[in-house]
Amino acid sequence: MYQFSSKLKIASLILIVVGALGIGYGFLSAPSSLEEAKEMMAHQASHGDSHDTANHDNKDNHEQKHANKEVHGHDANSTDKHAEHVYHQLKNRPWSAFYVALFFFLGISLLVLAFYAAQRVAQSGWSVVLFRVMEAITANLVPTSIIMVLVILSASVFHWNHMFSWMAEGTFDPTSDNYDAIVDGKSWWINIPGWTIRGIVYLLLWNAYRWFIRKNSIAEDTANDGYKTYKKNYNASVIFLVVFMLTETMMSWDWIMGLDPHWFSTLFGWYVLASLLVSALTVIAFVTIYLRSKGALPGVNDSHIHDLAKFMFGFSVFWTYLWFAQFMLIWYANIPEETTYFAARFNEYKLPFLSMLVMNFVFPILLLINSDFKSIPWFVIIGGLVILGGHYIDIYVMVMPGTVGGQGAFGLPELGGLLFFLGIFIYTVFSAFEKASPVPKGNPFLEESEHFHYYNIEHRGEGSEDHH
Amino acid sequence: MESSKVIHALYNDDEVLLDAVKAVKEEHHHIEEVFCPFPVHGLDKAMGIAPTRLAITAFMYGITGLSIAIWMTNYMMIQDWPQDIGGKPSFSWIENMPAFVPILFELTVFFAAHLMVITFYMRSRIWPFKEAENPDPRTTDDHFLMEIPVKESAVEELTTLLTKTGAVEINVVDKH
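Just so you know, the sequences run in chain order A and B. Note that my numbering has the first sequence beginning at 1, numbered continuously upward. Note that my numbering has the second sequence beginning at 1, numbered continuously upward.
Just so you know, the hints here were simulated from the structure itself, not pulled from any lab data.
Stretch-level coverage of chain B by chain A, calculated; a stretch enters the list once three of its residues show a Cβ under 8 Å from a Cβ in chain A: (1) 41-51; (2) 98-104.
Estimated spans, in silico, between C-beta atoms of each pair: (3) Ala113/B - Val362/A: 18 to 28 Å; (4) Ile63/B - Phe346/A: 20 to 30 Å; (5) Lys25/B - Ile239/A: 52 to 62 Å; (6) Pro137/B - Asn456/A: 26 to 36 Å; (7) Glu169/B - His451/A: 25 to 35 Å; (8) Ser29/A - Ala113/B: 50 to 60 Å; (9) Val109/B - Trp189/A: 38 to 48 Å; (10) Glu337/A - Phe120/B: 45 to 55 Å; (11) Glu106/B - Ser124/A: 24 to 34 Å.
Keep in mind the model is a prediction, meaning the values are calculated, not measured. Even for Gly, the Cβ is constructed at its ideal location relative to N, Cα and C.
Bound conformation, chain A alone (with noise of 0.2 Å):
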């Protein structure tokens, strides 16, 4: 059995409260008036224009911006009407930078749901020892989602941050000035009560199968019933599968491309699960690697690191097709409405936006392609480290375009973020993996899964001797 260090739990307990500060820390520096943020302005503006002329250049994204407003007096003189846009973006920074982190880690947890999910269903053979790891990592799921949960109240009921441009008074009322009627023709879609509740939706039916699995995969270790739990197990993976997908897609459109509210596109979802599924595996990877170095997982060998680390080669390949396909067939067409969005993005997130394209697939794709390398835990955690930092940044560039326009940047919000999520992360997965047996006894596959072997490894510092 596996025991969550003392040492491991007051690391992750020193990141969640130094996270903590730095979300207050971005919470307290946003301007709480109009006032404020002109004084910031100025402050900024002395060290340069680009930020300005970056927002003027961009015309729809100063549009959508106006649908973020809420009715204030028109005196409109073009200046004032400017700062307080970025006041509204200034506001929304603190929100977006927690968002992103919590979107990053909610999606990890999910997609190695989904991923185990499959695995059962696929009835494969080499990752059974794998699957304690993955089912921990989904522990994480939980918190996140309370979080989420929280998030989607305080956004849609309480109206206390304003990242989806369209839940500002007055857009679905052709009297007000805010009026969008591109917007109000999608309202069948977009609306608050609707938008809240399936969010909540989403999220009760993945916890719902977490719960499930968990509990019913912990009882297939003693169950010995003639794989009648097994079954089950499958059974309930396979609804889930397809669960997930309806909701996956939906969940893309509303949390993510709810953020643009004017721009749309069709392989979206897929995009987004692309991108979380190889930070999944990585993840899977990591955690692995860092369990087995440990010694709590007798059964994982380095063929099964290569198996991970082949998946996180061929997803970030994956990535990298939908992310193309995506960006070519707009850039190509340039159809105003939809080009908006990468204006949007290579105007403002230039840097972002090309390197995490180094970061998914250049980098993976030179240094997992030899076989050698993808066994070596050494060489996956580089690589992993460079995907993992490059799929927060695609997230970060799906957020924060929409939500804080110009005023982006990566500062102590958003590290603050990324550091309370990551303890949350560490403390849930490692106490779930010491509360079952780190070999999932009861599967039928286990013995195989212990026994696999890749060809052409040669196991260091094990015995080859029982593999042919």
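The hints should help you fit chain B onto chain A, whose structure is shown.
This is chain B only, laid out in the frame that chain A set:
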């Protein structure tokens, strides 16, 4: 080894063959060739054959294909006759790059795949009308054959060893 004879030991099971290869290797005999009707996992390792470098050549061919595609798109679309086609920016290669990516990808795969296959044919000496080098037609159906060069004086000793490993038939033949 200036031997003029070879021993052909036939087996009818891949597991038996694999153990036999290991046993023969242990006695430090050189195995010239093993003929199998299908791939036997771990045979190359048991025989001590060096890993293939075919994947490395494929990688280099892929880079070649990519380079050719970059050169070709740049020369044709940007340098030689930069027309305005539907408003696509043909001022520099990078500006129009997304439109070239499908070509870049396909040519990379094309070069990597085809040149690797041709390399494989050349290295394995396979071509149309090539005379088959099969010592016994049964090795294409259900028998495995191990070929060991042998000196006249060692025939006896090796035959005993091979019989012990479960060979179903042992022939001493002149080297071809």
